[in-house]
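Residue-level listing of the chains:
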Amino acid sequence: MEELILQLKNEIIETLNLDDLKPEDINADEPLFGTGLGLDSIDALELIVLMEKNYGIKLKDASEGKKIFVSVKVMAEYISANRTK
Amino acid sequence: MAFIYDFAYINEKRNIFGKGGYRYNVPDKELAENNFLTAIYRLCEFSYPKFFKMDNLSKAGFLASELLVDELDENFERKDCGVILFNRVSSLTTDKNFENTIKDPENFYPSPALFVYTLPNIVTGEICIRQKFYGESSFYVMEDFDTQRIVDIISDSLQQNKYVMTGWIDETDEGVKALMFLVTRDSLYNTWIPFTVEAIEDMRKLVF
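Protein chains in written order, with this note's numbering: chain E, 1 to 85; chain B, 1 to 208.
Simulated from the structure, these hints should not be mistaken for lab results. We put the CB at the ideal spot given by N, CA and C, even for glycine. There's no promise every hint is true.
What the hints assert, rightly or not - Not the full set, but computed from the structure, chain E residues with beta-carbon under 10 Å of chain B:
1. L4
2. D20
3. L21
4. P23
5. D40
6. S41
7. D43
8. L45
9. E46
10. V49
11. K53
12. I57
13. E64
14. I68
15. V70
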């Protein structure tokens with residue numbers, strides 16, 4: 001799981017152009033939206049694309065993202081349980 | 001009579017950027033670690049995380065606008081400032097980048113972050129949000145740098161806005177070129193450069 005969390009942090013930084021951040025700056029339990037990383041709605045869409053592109057997970061309903069994108073750790077757990085690639 | 005408060009510019013091909021009489025080059029060391037626009041951002045020590053999410057057109061607009069307002073105080077009434085920009089190739093580079101995310105049916109992952117920048121006027125919005133400008137904003141795509149037309153459009157806009165941040169921002173295979181200037185209906189801080197075709201042509205020769 002730790003390996004997946006680190007991989008996810010790197011992918012989030014690259015995909016969302018968080019150029020000022022390093023993986024160690026992201027707390028795996030920190031909220032991705034609102035406080036924490038302060039991501040926006042476009043970032044949420046990018047995360048949905050990332051899940052499909054890198055892990056073969058297609059969210060049927062965008063609102064599912066609310067439960068999954070709580071933190072990097074929650075995201076990693078969901079990916080681990082549902083990935084097809 | 002309208003006046004030009006000051007001008008800011010970026011020319012990637014010539015590796016220059018600056019404001020008014022101040023001209024800088026991006027050192028090789030910085031270019032080795034960052035692309036040209038990000039290097040300028042870091043050299044100027046700006047702080048606006050959204051910068052990294054922007055396309056190059058918006059990045060150049062952000063940088064030039066930051067340079068332009070750098071020394072302005074409350075005498076400059078931001079809410080009365082409009083933003084009107086011009087270029088030749090619209091948002092073509094970003095359009096192509098977005099196309100790359102959808103052209104392969106086997107690898108069809110349209111990027112929302114790229115898609116939102118597939119219009120040239122997004123840069124005017126980014127500048128208005130950052131600088132808290134509430135005046136008219138528009139983006140004109142024209143065949144060439146038509147100085148007389150630019151003067152006509154801005155002069156017309158000055159009927160409504162006290163100030164207009166305007167200029168040319170384009171991205172081609174040669175990189176990003178931006179020349180932006182702040183035009184004021186009345187003299188601001190004893191600005192004396194008249195807003196004329198000749199003045200713009202002089203700036204253009206200096207920068208492009």
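If any of the earlier hints don't hold here, list their numbers in rising order. Hints 1, 4, 12, 13, 14, 15 not satisfied by this model.
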